[in-house]
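Novice: Please build the complex by placing chain B on the supplied structure of chain A, with the hints as guidance.
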Amino acid sequence: MSWIDSRIDLNIYSQGEINQWIYSTCNICSIGCGCYIAVKDNKIVGIKGNSEHPINRGRLDPKGENQWYANNSPDRLLLPLKRDTNGELVETTWDDAFTILVNQAKRALKNYGPNGVAIYSTGQATLETYYTIAKIGRAGLRSHLLDANTRLCTATTEWGLLESFGSDGVPACYQDIDVTETLFLIGHNPAETGTVLFERIMERKKRTGKPFMIVVDPRKTLTAKEANCHLQLLPGTNVALLNGLIHLIIKNNDINKSFIKQHTIHFNQLVEAVQEWTPEKTAKETGIPVKQLELAAEQLGKTPSLVTTTLQGTYQSADATTTTVDVNNLHLIRGLIGRPGCGPLHMAGQPSSSANRTVGGVGSYPGNRNPNNPQHVKEIAQLWNVPISHLEVGPEKGIEEILHLMEEENIGLFWNIQTNPMVSLPNRKRAKKAFEKTFVVVQDPFLTETTEVADLVLPPAMWGEKDGTMENADRTINLLKKAIDPPANVLPDFDILLEFARRMDFRDRDNNPLISYTTPKECFEEWKRVSKGRPSDMSGITYEKLEKYNGLQWPVNEEHPLGTPRLYTDLNFHTTVDAAQSYGKDLFNGRERVKEEYEALNANGKAILYPTIYLPPIERPSEEYPLWLTTGRLVWHWHTRTKTGRSPALQMVAPEGYVEINPIDADRLDLLPGEVVRLISARGWIEVPTRIVDTVQPGLVFVPFHYGSWEAHQAANEITVDFTDPLSKQPTFKQSACRIEKRRKKIKITSEENLISVAKNYNLTVNEIARANKMTPPFRSDIGQEIEIPLSKVNVTIPPYMPYRKVERYPHFKQAKFPVTKIDLQD
Amino acid sequence: MNHLILHLKKIEQLIQLILVQGYTNKNSLEIMYFSLLREEQKILNRLMKMNLDSLDAKKKLKVLLSILYRDDEAAEPLFRAWLRSSIWSPSSCPTVIERDFRKSMFREIQHELKETVPYVQQIFDQEQSRYIIPALLRTTNQRLSY
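Note that the protein sequences, when read in sequence, are chains A and B.
Heads up: the first sequence runs through residues 1 to 827, numbered per UniProt numbering.
Heads up: the second sequence runs through residues 1 to 146, numbered per UniProt numbering.
With the rest of the complex left out, here is chain A (with noise of 0.2 Å):
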């Protein structure tokens, strides 16, 4: 059972009694949390947490709690931009911005063909933005090069299920969470990108005892921190370290054969593989004790239920999709599939990047077809009305692949709509340079560094400003009601895309407009025609219902009035060669299956099961190099900060980047706490405050990617390598390496100086500076002696959030929890 109460968390500034309450759900993270947004004059003023919505009760996460501030800000863009001769942005009107997008995309259709125009969305706006994004992109455009940075985000839970069950679609859901006996959560945690979920989790934990939590990650991360055993495995090793636990789990004859034989294929192909895996070689690769991988076993092995969810750790690590799919493996072999407490949960980053999969925005195909699938184009052809020659076949391309194109100037027009690649992209300097040789479009609330590339600005409502749903990490379909009107001359992205639409004169086969829907509940309704029958069936949905029931999990039809928790309850999935939503690609390298090879499998409603190969990080330590980087986020900040950038208590909190590193690695190379330092990689550096923490272990570092302003050298992606899992085409931000350089000057003591003289005149204390140059006891200062001075130094202090553990007013984390000096023991 979710939730023994409510609790209604709460943000409003307003001066006297606000106007209404009005229905919607949180913009920011994947969890899908139901809330009310205040409203006063016509201005968003607040939000709370819905109480009835059996997601959150009420409760909120900080970031949710204070995204309404962005609404607010005095520097939203009001009126589009056009870069002018003078290559500056400059004001212009809707109709000039739109004549100049119109004749753009002509343009590029003349000169490069319909793969010349790429739209490149979010996971943060609405299903019915995306599904248009998908009529217009394909239908209109006829191109097939449509993505977002849910590629960044979730494209790997895609792939992952794809290969496994056939189809897109968690089997799991957060009510499996609320009983199961045992929680595997992998390089996802909650506790900093889902507060809400993790404190749901941990309310029955702390009550009941339940669920046993097992967590993989290399760093202890607050999650990490709760859980009865972390397995803090060596980077980019997760394969490994799941290929050593199915050995046990197989060896231990812990396997539930009756299941495997109804109802999965190749199981002897997996016990081959993973033959090898045994526990010492498995311990040597990950870095994990054999004890601690036996006991894992132990409990992976004999729970009788299991929920095991993934994130960014698995998805932006080497080998992202073998990882998921050696999880969707752990489940079929122990039969934990399908019933109340069982299956894998392969989570979501934003609020609806899983809508944007389902309906077709990121150039899938909607409602879970097969893009060679000669039926299924055929069947949105007919939905649509549009000769079948019309619709691109294949897969869809990743956004690495479409900055190639960009590279080799083969796009004639990039549409950015709601999203900030200058900071989110990896190795963002090579990405510059793809955008400046392609025209383009930037839709977004405010300048941002994307902008900075922009030939055209065109300012879009933000939540609060327009209706929609969205879809969140466990199927669920949420509604979000206009709170108020966007500010004169913001128009929200639906109606961009249906003003361009119309400016294109796209038609349909019988000489109608493509698009003949004008509000995104008309679009819904139309949706929900072309979802019927597919596994993402909306057919039962209204937004009358969503707002009823506090959100529905797909598939919602005659037979699930109410929706479906759990996917999978008979153990037929979706892998028959008619339904498959993709013939799958080879594991191991990424190519795409074509229809015979999928024939061929047999697997006809059998879940599929596969051999794992492991293959390390491509860019490991090195002499030059000796680091790991790996990047991640923060509890205060979302993204590239664009929203949460913009409130003052999350920009107070968490202003500025850093470095984290162990305290043993700090020591060798003597440095401070919060002394500036430069990071470099072979693409680039940055320059970040230090925190010395035992949260990385020692040989790895790791920096929050949400600090990416052109000017300030904070940015994680200029660091970063771009190469991406072979299936997901995700890019790798979890595994690069790097070197710390010190930014350090040199003085002499003269005879006038002694070395707490020195120390004054720069800020420091005298232990800083024996620290610093490795002096020990009695600290002398000889006069001509040559000492380092560091050029800056930042204190950090990034709290952590986690209501029940009381944390504000017993915080437990300092600048540098372990004494490494004695200034560590001053405060």
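Be aware that one or more of the hints could be misleading.
[Claimed, not checked] Listed next, the in silico DSSO-like pairs over lysine-lysine satisfying Cα-Cα at most 30 Å (straight line): (1) A/K437 x B/K59; (2) B/K58 x A/K378; (3) B/K49 x A/K429; (4) A/K433 x B/K114; (5) B/K49 x A/K595; (6) A/K378 x B/K114; (7) B/K42 x A/K595; (8) A/K378 x B/K26; (9) A/K210 x A/K220; (10) A/K429 x B/K26; (11) B/K114 x A/K595; (12) B/K103 x A/K793.
[As the list claims (entries may be wrong)] Which stretches of chain B does chain A cover? Using the computed rule of at least three CB atoms under 8 Å from a CB of chain A, they are: (13) 24-33; (14) 96-104; (15) 107-113; (16) 118-130.
Rather than coming from a laboratory, the hints here were simulated on the basis of the structure.
Just so we're clear, the structure is a prediction, and the values are computed from it rather than from any experiment.
Don't be surprised by glycine CBs; every beta carbon is placed ideally from N, CA and C.
Specialist: The following block gives chain B in isolation, referenced to the frame of chain A:
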């Protein structure tokens, strides 16, 4: 058909030249695209030995060509990533000559594959060939006027 076979033979030779050179740094990317090149080579050999008069020749041809194109589609981004990784890891990288050689081989393979497109489109109709030839190979020169 003869023209198609000529292009396929050329591709087979180019792949052979890369495979003969062998691994240079054997990182994960090189291992992955080598596995694809090896499969391509096998497919090409089967294509060239095919009895085109057999009853199911067209069906087999469709499957083999589809796999061939998909091998290339998967190998190309892996190869590009390998090139980048080679530049970034000077201590374990191939020489500039090795890199440039491979780059020119891949370019030629791409060129030859593009040359095969009209012949494949002749054998299969436009609609069928869309499911055989990847979009970017097929539509490079297709311009739209609105």
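Novice: Go through the numbered hints given earlier and state which of them the structure violates, listing their numbers in rising order.
Specialist: 1, 3, 8, 12, 14 and 15
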